[in-house]
Amino acid sequence: MSKQILKELPDLVHAEVIDEATAQRIRAYYLQQSAQSSNRLFIVFGILGALLVGMGIVLIVAHNWDSLPKRIKLAIGFLPLLIGQVTAAYVIIRKMEEKAWKEGTGVFLFFAIAISISIISQVYHIEGDLDGFLFIWMCLALPIVYVLRSAVTSMLYVIGITWYACEVGYLENSDRYALAYWILLALILPFFYLEYLQTSLKNNFYYLLSWLLAASVTICLGVFVDDSEMTIVIAYMSLFSAFVIMSRMRLFETNRVLTNAFLVIGSFGIITLLLMLSFDWFWDELKQREVIFGQPEITVAAILTMLASYLLFQLLKHHQWNTINTKSYAFIVFIPLFFVGTELPVLAQLITNLLILLFAIYTIRDGAQRNHLGILNYGLMIITGLIFCRFFDTDFSFVFRGLLFIGVGIGFFAANYYMIQKRKKQA
Amino acid sequence: MKKFIFILFGVMCLAQWIVPGKMIYDSERILEEGTVYKFKTAPIDPSDPFRGKYITLNFEQNFITFTDSLEWSTGQEIFVTFTGDSAGYAVPERAFHEQPQSKTYLRTNVEYVNYYGDNYKVQFRLPFDRLYLEESKASEAEKVYWQAQQDSAQATYALVSIGDGQAVLKDVIINDKPIHDIINELNKDPE
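In order, the protein sequences belong to chains G and Y. Counting from 1, one number per residue, gives the positions in the first sequence under my numbering. Counting from 428, one number per residue, gives the positions in the second sequence under my numbering.
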């Protein structure tokens, strides 16, 4: 596209559509654009290259060369670490301003640590559980993030600690609540704050890291499930509400919906959770079980509810209560609903269904007001989801259910048609 | 700020050498100073995404029986000392809640506690059930191992050095021959 314009510039000057000075400015503009884009490519290939080389060496080491003496094997295993550290020193002294160098070296060093630990395990046949291996690896990799200020290393670190938490919390049961994970997670947050939130830098690295952080916490919160397992839903509802509230705060705001991980995960989480709770099985089981206070689920739920309340309080200082996303209030409505459900399961189920409908209508209205087709269709999807769920567990006749689906289908068509027409008129 | 980065970098580099270095040092010390036991052992052939192919060994002597539960529970730390039976194979001698006086003990975890008759069987983990092998040799080693297991006349055991709570697997021996040598011979003149 840009090249085409550049080719036509002499003709445009000749036809006196633009003058020579403008033509020069256009040339300069596209020259700068192409320099930026090649720099971005360099960063991407730097990271990819380091990732592939690092993982390749891991695989070669995993072959376990029996014919090599122990000392040589160990020396080879430590060589990538040495190269990684020397390169890192060079980057700190000379190339700290160049992102491709920082990211590439960070990623390479990240894998070099794994290689050095792996080779020792092989040579001495140290069994070592995968969780222990991941734990040592992540502990040794954390400083790389701060020293090189490498965003990709921080992402690999978040993936690593999440894997670790799943190993110990869900599979092994060795560290019951994956406490080490929460500490390791807290240790990466200063980087997230200093690098992105404090500087208001919202680039692709920020989007990816925020997606990973939000997903990691969502995945790992379940490790707290113990004897009072039903109460974990309160913790999840408060967490998702906190995400939705955060997404509206200036610190976390982004220009597009999909780049705001907290908004997407929070909103989608609340709706998914409510849809799950719109079935009778949850409430029937809740009535039969006792809510045991003092269990970890309750403690975590209390902490997250306090956090969500604090964030909501802060948000309402700067915004009118009715101008923020209604899902920000989900936890306030849900907690009393949960305790109603312990006594009156049918009523709780009915209110849950109404709540979903309410959120759907609000979302559709929000989409229409903001002239955003994505949000509008998301609202319609919520209604479809609700009807789909009821399809399975209600005594409605086939005709009634059929009519419901036709109704929603027409709704989809009409709402989108209305919106597109509105846009055309505005144009 | 730059000074702080340099200090952090130095600490990071040191830690990245000290932690694996300590692993090497501990393993070498156990190999040199530890007591060597022969553990009767059956392998399968899984692999680890980072550390490659290995064979897993199944040990027989991984439990100790008590007449009293002594409050053992799953996951709990346990200190075990070993002795040799009449054929020279290792058998667990005693188990402790605290670190014992003896230098040759193994520090591990209780896998489960089983109550039968008047006895409590406390099964513990033997943390040396992996023998890493070159990729191409692992499945061959497994075959050799299984053949040896099926033939009751063949003696199969692992040589393990134990000291100060830790253990290092030295080798797997089939009929007085290290498994590596058997595979190498098989590779030289295939049947």
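Source of the hints: derived by calculation from the structure; they are not laboratory data. A portion of the hints provided could be inaccurate.
Derived pair list, reagent style BS3-like, types lysine-lysine, alpha-carbon separation capped at 25 angstroms [as the list claims (entries may be wrong)]:
id, chain 1, residue 1, chain 2, residue 2
1, Y, K429, Y, K530
2, Y, K430, G, K95
3, Y, K548, G, K99
4, Y, K430, G, K70
5, Y, K429, G, K73
6, Y, K548, Y, K449
7, G, K99, Y, K530
8, Y, K465, G, K95
9, G, K70, Y, K604
10, G, K73, Y, K530
11, Y, K430, G, K73
12, Y, K429, G, K70
13, G, K73, Y, K597
The hints, checked one at a time:
Proximity of Y:K429 to Y:K530 is assessed by CA-CA distance (about 47 angstroms); at most 25 angstroms being required, the pair is judged violated. A C-alpha spacing of about 16 angstroms is found between Y:K430 and G:K95, which places the hinted pair at or below 25 angstroms, so the restraint holds. A hinted pair counts as satisfied when its Cα atoms are at most 25 angstroms apart, and Y:K548 with G:K99 does not qualify at roughly 59 angstroms. For the given pair, Y:K430 sits about 38 angstroms from G:K70 by alpha-carbon distance, which is inconsistent with the 25 angstroms threshold.
Taking the CA atoms of Y:K429 and G:K73, the gap is about 36 angstroms. The hint is violated against a cut of 25 angstroms. In summary, the hint linking Y:K548 to Y:K449 is not supported, as the alpha carbons are separated by about 35 angstroms, beyond the 25 angstroms threshold. With a C-alpha separation of about 52 angstroms, the suggested pair G:K99 and Y:K530 falls outside the 25 angstroms cut-off, and the hint is violated. With a CA separation close to 55 angstroms, the supplied pair Y:K465 and G:K95 exceeds the 25 angstroms bound.
At roughly 20 angstroms between alpha-carbon atoms, G:K70 and Y:K604 fall within 25 angstroms of each other, so this suggested pair holds. For a cut-off of 25 angstroms, the pair hint linking G:K73 to Y:K530 is broken: about 30 angstroms separates their Cα positions. At roughly 35 angstroms between alpha-carbon atoms, Y:K430 and G:K73 are farther apart than 25 angstroms, so this suggested pair is violated. Note on Y:K429 and G:K70: the hinted pairing is violated, with a Cα-Cα distance of about 39 angstroms set against a maximum of 25 angstroms.
At roughly 16 angstroms between alpha-carbon atoms, G:K73 and Y:K597 fall within 25 angstroms of each other, so this suggested pair holds.
Violation of the numbered hints given earlier is confined to hints 1, 3, 4, 5, 6, 7, 8, 10, 11, 12; the remaining hints are satisfied by the structure.
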